[in-house]
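Colleague: Below are the chains, spelled out letter by letter.
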Amino acid sequence: MTVAGRGEPKTAGSTTAATPARRRRRRSRRAGTPPPVLGSPTVDGAPTPVVGVLVFPAASGAVSGLDPDRSDPVRVLPAFAHASEAEMARILDFYRIAWEYEPHTYPIFWNNDGAVTESFSPDFWLPELDLYLEMTTLRQKLVRKKNRKLRRIRDLYPDLRIKLFYARDFRALMLKFGRLAMVDALSGSSGQVVRDRAAVVEPNATAGLGR
Amino acid sequence: MSVRTIDLRADVGEIVVSEEEIAAKVAELGGRIGADYGDRRLTLVSVLKGSLPFMADLMRAIPSPVRIDLMEVSSYGGTTTESSGLVRILKDLSATIEGEDVLIVEDIIDTGLTLNYLIRYLRGKNPRSLRICTLLDKPARRLVDIPVDYVGFTIPDQFVVGYGLDYGEYYRNLRFVGVLRPEVYTSPD
Chain C
1 MTVAGRGEPK
11 TAGSTTAATP
21 ARRRRRRSRR
31 AGTPPPVLGS
41 PTVDGAPTPV
51 VGVLVFPAAS
61 GAVSGLDPDR
71 SDPVRVLPAF
81 AHASEAEMAR
91 ILDFYRIAWE
101 YEPHTYPIFW
111 NNDGAVTESF
121 SPDFWLPELD
131 LYLEMTTLRQ
141 KLVRKKNRKL
151 RRIRDLYPDL
161 RIKLFYARDF
171 RALMLKFGRL
181 AMVDALSGSS
191 GQVVRDRAAV
201 VEPNATAGLG
211 R
Chain L
1 MSVRTIDLRA
11 DVGEIVVSEE
21 EIAAKVAELG
31 GRIGADYGDR
41 RLTLVSVLKG
51 SLPFMADLMR
61 AIPSPVRIDL
71 MEVSSYGGTT
81 TESSGLVRIL
91 KDLSATIEGE
101 DVLIVEDIID
111 TGLTLNYLIR
121 YLRGKNPRSL
131 RICTLLDKPA
141 RRLVDIPVDY
151 VGFTIPDQFV
161 VGYGLDYGEY
171 YRNLRFVGVL
181 RPEVYTSPD
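Respectively, the protein sequence lines represent chains C and L. Its first residue numbered 1, the first sequence is counted upward by one per residue in this note's numbering. Its first residue numbered 1, the second sequence is counted upward by one per residue in this note's numbering.
For reference, chain C alone in the conformation it holds in the complex (with noise of 0.2 Å):
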């Protein structure tokens, strides 16, 4: 495997990241089962990162963004690590955003061989916005971590634009749509597995906000 020098990001597959959705792969492909769908396999066996194909037809000139059935795609979803992924991944979905989940890894540690120890994989990569979102709803240990590698991510590759989603980030999205009583079963470490989607739907939630 060839190691992404400084300021090089690594496409999804040939990362040395360890997000708990990783391990998870690693784990079950060590143990004979196969991993989650996410594509095609490329040529190393890695899968390939799974792309939000919902795109605004503005490129045509034509004003076709009316008919949900003509731009649904079909897709399958990725094994997202935490449910506000996913959630997230739904209201990109719903508002024509398209993005790509976990597609690069960026090292941000090396040893004195110059061997990649370390690196990080932001959740979403949003092409049409060049900007990468991060769903930090976690345990607050788990936050300092990873507040730990965005300063060093943001020291090493300046350019990045990432967007950070902490849990208060979350909640006030989940308020502004009026899913707050979802938020305890997306957020925090309840929501480290990813529940079917009709489990997370909460049947009493407060309608829409109408602005």
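Hints listed in this document are in silico derivations from the structure and should not be mistaken for laboratory results. Check each hint, because a few of them may be wrong.
[Said to hold, decoys possible] Heads up, simulated SDA-like pairs for lysine to any residue below, C-alpha to C-alpha not over 25 Å straight-line: (1) C/K163 to L/A140; (2) C/K163 to L/V151; (3) C/K163 to L/D145; (4) C/K163 to L/D149; (5) C/K149 to L/Y170; (6) C/K146 to C/R171; (7) L/K25 to L/V151.
With chain C's structure known, arrange chain L on it following the hints.
Modeller: Below, chain L without anything else, positioned relative to chain C:
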């Protein structure tokens, strides 16, 4: 199950923008817009429902010749949109804007997600120009960076209601903008 009583004034804590401040800002924005557009005809596009009071006041503060139109865009989590899963135009423009100067009138911009969709939609209708005016800007929440031409107030990252802004469709008729007490939306009822 008991239904929580809505007390329009008591449910609001701090007043972020008073009625008087709104009136002064609307007059100022109207003057600026009038100076920028002069005698050119301008189409104000109000995004329902939150921007209605702002639109009603702003249009009367602009000395330029204006016409108005209304649009409504579905919101994530809204009951009317669950089946589609995609943002939709619930109410489209009633007249063409091709070749026209258009000013989108918003009550608040936070994530920018809805506005981003709306801008791309309206650009497809080939207006001569497309600008944005918002009474409130909450940049801390921004996901999509959108240049805003006219901003009334930049407000902190708090959930506000009043002057068109709602919670559960209520509080829009308050004459000021205030922070909704958290116990209102965390109440089990």
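Colleague: Please go over all the hints and tell whether each is borne out by the structure.
Modeller: Right, here's what the structure says about each hint:
1. Straight-line distance between C-alpha atoms of C/K163 and L/A140 comes to about 10 Å, which keeps the hinted pair within the 25 Å bound.
2. For the proposed pair C/K163 and L/V151, the alpha carbon gap of about 23 Å is at most 25 Å, so the pair holds.
3. Distance restraint check for C/K163 and L/D145: the Cα-Cα separation of roughly 11 Å lies within the 25 Å cut-off, and the hinted pair is therefore satisfied.
4. Under the criterion of a C-alpha separation no larger than 25 Å, the hint pairing C/K163 with L/D149 is consistent with the structure, at around 23 Å.
5. For the hint linking C/K149 to L/Y170, the alpha-carbon distance of about 42 Å lies beyond 25 Å, and the restraint is violated.
6. Our distance criterion of 25 Å between C-alpha atoms is met by C/K146 and C/R171, whose separation comes to about 19 Å.
7. Between L/K25 and L/V151 the CA atoms are separated by roughly 9 Å; this keeps the pair inside 25 Å, and the hint holds.
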